[in-house]
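Asks: Listed below are the residues making up each chain.
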Amino acid sequence: MSSDDEGAPKAPAAKPAMSRFLRTAGSDSDSSDEEKSDSEEESEVSQEEGQAEQRRSRFLRTDIDDDASDEDVTRVVKSARDKRLEEMEACGKTMDNALKINDWVAISNEFDRLVRMVQRQQNVSEPVPPFYIRQLVNLESALNTAVAKEKEAKKKMNASNARALNGMRQKVKKVTKEFEADIKRFQTDPDAFEREYTAVVAPEAAPAPRPRARRAAESEEEGAEDDAFTTVGKGGKAMAFTPESIFKNLQLVQEARGKKNTDRQEQIRVLEKLLAVAVTSYQRIRVLLTLISARFDYNSSVATHVPIDLWVNAQSEVDQLIGIIMREPQYVIQEITEDYDELAERTPETEKDGIVRIRGSVISFVDRLDDEFTKSLQNIDPHGTEYVDRLKDEKGLYCTICRSQALYEKTNSDDPLGRVIMRRLEHIYSKPDAVVHALESTVAASDIKPSIVLDVEGQTSSLIHSLSIHLYKSSNSFLRTRAMLCHIYHYALHNDFHTARDMLLMSHLQESIYSADVATQILYNRTVVQLGLSAFRCGLIKEAQATLQDICATQRVKELLAQGVHQQRFQVLSPEQEKAERQRQLPFHMHINTELLEAAFLVSSMLVEIPLLASIDSEDQKRKAISKPFRRLLDFADRQIFTGPPESTRDHIMQASKALQNGEWEKCRDLIQSIKIWSLMPECNSVKEMLAKRIQEDGLRTYLFTYAPHYTTLSLSLLSRTFSLPLRTVTSIVSKMIWSEELSASLDQAAGVVVFHRIELSRTQQLALSLADKVNNMVEQNEKTLDNKLGPAATWNDRGDGAKGAKGGEQAAERRRGGERRGGGARGGGRGRGARFAQGLGNQMTGAQRNR
Amino acid sequence: MAEYDLTRTIIPHCDRHLVFPLLTHIVENELFPAEQVQKAQYELAKETNMVDYAVSLFEQLYPDEAVPDEFAGKRENALSTNERLQQDAQAVLDVITNPEVAQSLRQDKNQNLQYLKEHYNVTLEQINALYNFGQFQYSYGNYSGAADYLYHFRVLSTDPDLTMSAHWGKLASDILTGKWDVALEELNTLREAIDSRSPSVPQFASAPSSSITDPALTQLHSRTWLLHWSLFVYFNHPEGRTLLLETFLSPTYLNTIQTSCPWILRYLAAAAVLSRKSSTGALSSRVRHSIREIVKVIQMEEYQYQDPTTNFLKELYVEFDFEAAQKELGRAEHVVGNDFFLTEFRDDFMDNARYLISEAYCRIHQRIDIADLSERLNLSKEDGEKWIVNLIRETRMGADAKIDLEKNVIEIHRPALPVYQSIIEKTRGLAFRTQALGAAMTRAQQAPPATEVLPAEVEAR
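Sequence lines, in order, name chains A and S.
Here full-length UniProt numbering is used: the first residue of the first sequence is 1, the next is one more, and so on.
Here full-length UniProt numbering is used: the first residue of the second sequence is 1, the next is one more, and so on.
The hints are simulated quantities; they were obtained by calculation from the structure and are not laboratory data.
Note that the coordinates shown come from a computational prediction; the quantities given were computed from them, not determined experimentally.
Treat the hints loosely; a few may be bogus.
Below, in silico cross-link-like pairs of lysine to aspartate or glutamate (EDC-like), each with a Cα-Cα straight-line distance of 16 Å or less [claimed, not checked]:
id	chain 1	residue 1	chain 2	residue 2
1	S	K327	S	D372
2	A	K774	S	E425
3	S	K296	A	E780
4	S	K426	A	D773
5	A	K736	S	E323
6	S	K402	A	D748
7	S	K426	A	E741
8	S	K407	A	D748
9	A	K736	S	D372
10	S	K426	A	E780
11	A	K736	S	D69
12	A	K736	S	E425
Okay, the calculated bits of chain A under chain S, using three or more residues with CB under 8 Å as the criterion [what the hints assert, rightly or not]:
id	region
13	318-329
14	548-562
15	729-738
Idealized CB from N, CA, C, for every residue including glycine.
Generate coordinates for the entire structure from the input sequences, incorporating the hints supplied.
Replies: See below:
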């Protein structure tokens, strides 16, 4: 609050004004239109009233003097301190009123407010106004009389009032103790005390009465001399916004910010005008900072998004802001700065180290811009043209993000840089190459470029890679996780399944993702789904099935991918939950098509499950299903009495599965290939071909499993003809089945046939076998439980690495090795993917051993 | 066949001195232009203290140029350093070799130090002199001397970093002197040292990324190095191949291979094929098991690494495409023949690979045309017949297979496994595993896990 250049000489002039002001404290212009009638005390305050009246009339005159057109915007704007004082006085007034009618509850409330205000006053190290002290003294005496009265006439007061009275006594006692010295001084000589206060306040208060509406600048000088209230000149609006007055106006706007009845639009208009007149960089930066926040303030509710035109303006202003700071490195925007005078112009020369530090935060603007963009996309109907138009703004936004990245690279601030890069990465990770190139080309055309850009013919994956690498080095684990997921997603999108899988496994995210925040979990789900789809596109059916299983089996795909709110069947979401859910939704253009996802999942399930179903012969084993949802659908389809021609994707797949079961692979292929949704896959044709081939092969396997009991021999060439596969492939498939003991048969090379050896098991034998299996399972379960219980550190199964005890019995050694491997997965933790693989491998190996 | 040559991939993971034999081998098999290799040899030698060798290489490489002067200076320098270091080290060595001292040295290193200090005034710095001298000797090629000094140093030193470094040095020296038994021992101790804690990387092994001080990463580095170095030992020691399988298939090392050096799979595959025959009897089933495991890994890492050796196993055990397997085998023969480590075992490899093919073939088929099989094995008809007869005699299927000379076919009748037997197979391990569970539980109750109870049980069975 230290005064600027013109403040000092005016101080004496302000002094009498101030004191007069204070004397009239009891009632002033706003308090006079208070609703409560104060007829009783009229006599007491009449003197003051009179003064107020006088003042008011002068006040009114100024209003009339003013041009009538903008009467509505004429407001008395006082300095912060004056306003506080006024508030306090209003408070005191209400208290007085309440005192009259003996309403102690109201008094108590008001008093609390007052105390809080005084505390605030003290916090900004201003002296306690004498008014307060006076109020305290008055209260004390009033209390004493009230208590005395109370004793005399007991029935008069109701319970809550009495309680309030007692409470007040306590409070007042406490507060008077605090201000004991002041009170004593006041009591001895009230006038002297008051004078003392004004003496302290006056020099500082000098600029305080000055600001007056928005047009204060011109008439300021006369105004200050003239009784603290400015007579507003007839100067036009254009005159009102001059470079000199910018800071004052800014302050006005800032003070009005967040008030209930502030006209936001008007404020934005004011600021825009201010920006137009701003001359120096400092002014521009300051105005821009305020203007951008004002634009974001436009909407008070969280749910709706900022209007698009405002958003576009804000975006260009952020660009402008970054441009200024980049051009003139002697201006720096920081979130935390030393206190500086809001009203003074600052230049690099006036600062100690030649750098002007301004309070503000560019990163929060960028964050907000991005969030608002997403929010608007969430709210716009994705099927309209508006959505597409809105999407076009992403270019500009992306450019802004890149510019801010350049800014933070220059200033070497790690934390915001990480955040900004994360934003950038999130804009491009899920986009096809062409879109990324388009986005990047705007960045390349911009004058401010970050260090990492994509060349015209560069690979998008290299861009993603370098962005992610940067984030991996950041200390923020949240950013690291998200960057990792985006990176994996990108690899998966580009059909680099192996790299993506290795990275996902090496990151060990699947162990800790349950404790992550919801947004990251969604990203994780998206990544996993994309990984599954990429496996599907690469023809790795088993992997695709296993990867998609987790997500697709839940029946809540949409919810897990944040692509729609799930209708809960048993519980109803509270409005808050639903709101939160809606805020998490991804904008439409980032969606993964759920129908395509379902098709991929069901088709891969079909290819895995149907041969398995065919290979099972006993009822008991039937319960083991790899893909439960598929099995359920298939059972349902089986129960249908009449099946019409397929309509939905599901119908197609179900009928295809049946055809496959019956060995009609051509029908199956046609059905699968006629699913329309495949056209959404970029490599539609190659995927269809791949599927056709897989259907042929799995059709052959199913056929063999299903019909083996009915043949003693089967010619290979016939098989090759039936399934139009090359003889070599048929031989290879059959050999594989023989080797892995899925099929008890052997090849007769000379005759070119498969010879089946089938043994019919008796009931007892079957039972014995399944019992053995069950016991095996139990032991395995026990081992797993113990593993869990002892934790990953304790490797109870690990017995000296197996190398030393090699001389032990062969069987034992072998088994021990199996066990070791099982424990080994945990022990090898920290070395990533290998460990996990070995773990899986170990389990399979032990299984294989047992079968032998 | 140069595209399958792994020398260039392996060199970054070897010590400077270990590379010499590799390069010499390359010169011999003439895969690369001789001049290039010589140049490489020279560049390699230049940085060591083997001045004379470097000079001779230089002369070979540039016959018409004068030998640069720097060599003379370097030589002198090396000699004087040698002198100085030797004197330093000699003092300690005198004390240690004193039989009286040797007797009073105990297991506890700290106590030893105390003892030496009290009685002979040997300080830690003096002991470090042993290390320095050993290292210096190594750098000019006196490997056996280096091994000696480093051994003594390791016995006395307590500094973990230097001890580790000494381990590596000793191993390299043993490898270069060709003492495979000692090297094997050294290898095992080194492996234990690496596995037991997250060690610091020896200075000379520090990869460019040594700035990252993640212990897991350094351990991975050490393991990668160990894998490469151990190749020298395992392919020269008589028992090496089986031990190689043991080591490389242990989960930690399998992980290392998968993450950082998939090309080691070639040696793993080769070793698995090689140890098929050498370890009939007790080990055979485990080896078959190892092949299965390796095939799985090969399949998994196919996108990262493949060469004829791994492809052979893949075609044979994943695709069961015998023709393709045979083709791959033909190419693998060259690869194995040109490989520094495998070249000795080429015939063995081929032999065993044939066995594997015919074994798989016989298991799947019921009636086999002998001519056809011989062709599959790259053998003439006569040889093929002999081979098959031997095969039938040696393997377990002796009772089931019969040769019908008239039709020139083999008939194999494999009676199905009786149900009771398969049940026995399935349940055989259960009792033992349950016992292990129980033991683990009791161990878990006694707070610090007791010493290894279980191996004893294993032996008992």
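Asks: Could you check the structure against the hints above and give me the numbers of any it violates, in ascending order?
Replies: The structure breaks hints 3, 9, 11, 12, 13, 14; every other hint is satisfied.
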